[in-house]
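These protein sequences, in sequence, are chains P and B. The first sequence begins at 43 in my numbering and counts up one residue at a time. The second sequence begins at 230 in my numbering and counts up one residue at a time.
Mixed in with the good hints, there may be bad ones.
Claimed, not checked - Heads up, simulated DSSO-like pairs for lysine-lysine below, C-alpha to C-alpha not over 27 Å straight-line:
#1 K336/B to K350/P
#2 K338/B to K251/P
#3 K350/P to K561/B
#4 K225/P to K261/P
#5 K225/P to K561/B
#6 K347/P to K470/B
#7 K422/B to K261/P
#8 K338/B to K225/P
#9 K561/B to K470/B
What the hints assert, rightly or not - Derived coverage of chain B by chain P (criterion: at least 3 residues anywhere in the stretch with Cβ under 8 Å from a Cβ of chain P; other residues may be distant):
#10 338-352
#11 382-392
#12 542-548
#13 552-558
Said to hold, decoys possible - Sample of chain P residues facing chain B (criterion: CB under 7 Å; computed from the structure):
#14 F100
#15 F174
#16 L230
#17 S232
#18 E244
#19 V294
#20 L308
#21 L447
#22 S449
#23 L455
#24 M458
#25 G459
#26 L466
Derived by calculation from the structure, the hints in this document are not laboratory data. Glycine included, each C-beta is placed from N, C-alpha and C at the ideal position.
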Amino acid sequence: MKTMQPKHVLLFVLVGALFIGTGFVQSWNTALTIFNMGLVSAIMALGVNMQWGYAGLFNVGVMGFVALGGLAAVLVSMPPVEGAWAAGGVQVLLGLVLGAATIVGAILVWGRMRPGRMRGIVILIILVAGFFIFRAVFDAGVARVESIDPALTGYLGGLGLPVVLSWPVGGLLAAGAAWIIGKTALGLRSDYLAIATLGIAEIVIAVLKNEDWLARGVKNVTGLPRPVPFEVDLQANERFVELAQGIGADPVSASTIAVKLAYAGLFIVVLLALIWLSEKALNSPWGRMMRAIRDNEISASAMGKNVKARHLQIFILGSAVCGLAGAMMTTLDGQLVPGTYQPLRFTFLIWVMVIVGGSGNNWGAVLGGFLVWWLWIQVEPIGLMLMQGITAGMAEDSGLRDHLLDSAAHMRLLTMGLILLLVLRFSPRGLIPER
Amino acid sequence: MDFLNALVTLLNFVIIPATAYGAQLALGALGVTLIYGILRFSNFAHGDTMAFGAMVTILVTWFLQGAGVSLGPLPTALLALPVGIAATGLLLIGTDRAVYRFYRAQKAKPVIYVIASLGVMFIMNGIVRFIIGVDDQRFADGERFIISARTFREMTGLEEGLAFRTSQGITIVVAIIAVALLFWFLNRTRTGKSMRAFSDNEDLALLSGINPERVVLYTWLIVAALATTAGVLYGLDKSFKPFTYFQLLLPIFASAIVGGLGNPLGAILGGFVIAFSEITVTYAFRRVVSYLAPESWQPDGLLQLLSTDYKFAVSFAILLIVLLFRPTGIMKGKSI
């Protein structure tokens, strides 16, 4: 890949050294945990970089797309709940279809009828009537699904397919949501897209938290099937134990590391494939067109490029990559916990990664993903050490000392904000600039 | 009688809370819209600015409470408010010096400001959490009710009570005063006029000798006053929790856009549109209907259109509708 220069390779080596250093100083287990999440973060950063770096689209709803990917992991991989479909699942689906039909009907009427008061009244009647029919059918179905053993299931369950299949499905779900947002907010001011994406992210999380029939809401779905073996199975496997003892390792810690390495292998394959695809795309005529649109929309559209359609395309693609990363992350965690989706962590942190790494450059986004994720994890212990240093001279029972130590956890927000502002100001093209 | 009961229920659970909430949103949206009009970007740090102002006010309130100072029936926070505004003003001017001024000199694209405001948001969020923590803080004191539900029932003999909380009354009164002051300032004073001129046409304003840095300075000061007031009123009315202030960003932006970004009157209108729709759509109308409907028509459901957890969906849906059909907002904002 011709965009890589020696000094950029050096940056990757340095970030690699951070991880290896973590391995030596803390533990290899920790280093690999951070590394795996770094891989996922790098993919998210690639997605955001497509939207921002290639096309200049400002998406602050990354969290929503990531969470949709997580939902896909549940819907694809969990075994179906026995009897849920027969009890009310079909009715829930029917309700959703009716709801969608109401909206489609209203849109059709809007297009067919002539503007005027009559049109408004007809649309209002369709929407109101449709809403009440939808609620009547849907609520009854939901109540029945949720009453099936609510302590353990109480939801529809999934399709029982291999969890890896959920990764592309997560991309598709996110792409669908992106299409709706893009259709509405693209073509307007850039700020509007930002607000619309901020909104959809909050709504996706609200749906995940409240629709128990879908993915158990705040009761969480745990124990997702894994694409790699369980640690206990490895420890029970004689050949693995022999192998571990052969290299002089304790089988228990060897098994946790082996599992993490297996995840890392899977993720690296996905990451490399995505980098390869995005580099190909970026250096193709399509990529040049995208950059031309980003740099000057007016002249690009004068050249006959359909700016809005291209924006919609790249917005959907980038969101799909975020959805894919979301599904991978939920697979890694083995559970879907809607309460953990925080915009600061899942939207704005990804932005810091892209800006720091270098917007418009795929390698930059990947580098930023690893570096910023490592910092995000390590700033907390560093902050705590710093605070312990500052407070060392204070009395043991000093209130200020306790407060400072307790608040050390919030240092990371401060640090991330500072890094973002400093990079934006003094090195706006990031660590690995475009071209 | 039944009709009156229904009306009182509606007032108690929908109209009064929505008016108070609308006033808080309107104050927040005014800040967003002013920044948009003068500095021409959407300030994502606004929610956290509100949280910062509220936090300083809370700290001063605690200090005053500790020193035994109080306003009698009114919350002590009102005394502390000016200190909060001053501190927030200093913070915002400092931020402008450290962050935004550089991009103004560069004539950077609006989206760069927005990203910078994300960084500012992180830092403010960090500061607030660092100083006061992430938990709920209560700082309201003084009389809790102007009219309590029981007094109202005894006064009128109606079945339904009407509770009018002090915080709601204060919200409405303070919001009216703030808005009146703002419009007086924008329309009557020299600085206010130059701000409007700057917002309408930057080049023309520069040509006629308006000092842009002065305009920007005043804008930040006014925004600090509006944001702190909004934050304190919201905190008095509900409770202070840093994360909810971040989440207020969506309804506030929705209000400003629905009303027309850059248009102060629009921001106020938008605030009330959003607040009333949010509360009407998520309120269970069963009690109201049960008074009005005849025996045989009594509802068995809650008659709630959407669960309260989806209140963000309401602001969002209104936002989408406005963006689809009237991207400049109801009152014609600046640009699409």
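Structure-based check of all given hints:
1. At most 27 Å may separate the alpha-carbon atoms for a hinted pair to count; K336/B and K350/P meet this at roughly 26 Å.
2. In summary, the hint linking K338/B to K251/P is not supported, as the alpha carbons are separated by about 37 Å, beyond the 27 Å threshold.
3. Using a Cα cut-off of 27 Å, the hinted pair K350/P and K561/B holds, with the two alpha carbons roughly 23 Å apart.
4. This hinted pair does not check out: K225/P and K261/P have alpha carbons roughly 34 Å apart, beyond 27 Å.
5. Only pairs whose Cα atoms come within 27 Å are accepted, and K225/P paired with K561/B is accepted, the gap being roughly 22 Å.
6. Between K347/P and K470/B the CA atoms are separated by roughly 48 Å; this puts the pair beyond 27 Å, and the hint is violated.
7. Taking the CA atoms of K422/B and K261/P, the gap is about 56 Å. The hint is violated against a cut of 27 Å.
8. For the hint pairing K338/B with K225/P, the CA-to-CA distance comes to about 24 Å; that is within 27 Å, so the pair holds.
9. The hinted pair formed by K561/B and K470/B fails the criterion: a straight-line CA distance of about 34 Å is larger than 27 Å.
10. Residue count for the region 338-352 of chain B with a Cβ under 8 Å from a Cβ of chain P: 12. That meets the three needed, and the coverage hint holds.
11. Three residues within the 8 Å Cβ limit are the bar, and the region 382-392 of chain B against chain P gives 0, so the coverage statement is violated.
12. For the region 542-548 of chain B, the assignment as covered by chain P holds, since 4 residues bring a beta-carbon within under 8 Å of that chain's beta-carbons and 3 suffice.
13. Look at the region 552-558 of chain B against chain P: 3 of its residues bring a Cβ nearer than 8 Å to a Cβ of that chain, three or more, so the hint holds.
14. At about 5 Å, the closest approach between the beta carbon of F100/P and any beta carbon in chain B falls short of 7 Å, and the interface hint on this residue holds.
15. Against a cut-off of 7 Å between C-beta atoms, the interface hint on F174/P is violated, since the closest Cβ of chain B lies about 9 Å away.
16. Because the closest C-beta pair between L230/P and chain B is about 5 Å apart, less than 7 Å, the hint holds.
17. Satisfaction of the interface hint for S232/P is found here, the shortest Cβ-Cβ separation to chain B being roughly 5 Å, below the 7 Å cut-off.
18. The criterion of a C-beta within 7 Å of any C-beta in chain B is met by E244/P, whose closest approach is roughly 5 Å, and the hint holds.
19. For V294/P, the interface hint is violated, since its Cβ never comes within 7 Å of a Cβ in chain B; the closest pair sits about 36 Å apart.
20. The beta carbon of L308/P comes no nearer than 32 Å to any beta carbon in chain B, farther than 7 Å, and the hint placing it at the interface is violated.
21. Hint on L447/P is violated. Least Cβ distance to chain B is approximately 12 Å, over the 7 Å limit.
22. The beta carbon of S449/P is positioned within 7 Å of a beta carbon in chain B (closest approach about 5 Å), and the interface hint is therefore held.
23. The criterion of a C-beta within 7 Å of any C-beta in chain B is met by L455/P, whose closest approach is roughly 3 Å, and the hint holds.
24. Hint status for M458/P: holds, given a least beta-carbon distance of 5 Å to chain B, under 7 Å.
25. The beta carbon of G459/P comes within 3 Å of a beta carbon in chain B, closer than 7 Å, and the hint placing it at the interface holds.
26. The restraint placing L466/P at the interface with chain B holds, with a minimum CB-CB distance near 6 Å, inside the 7 Å limit.
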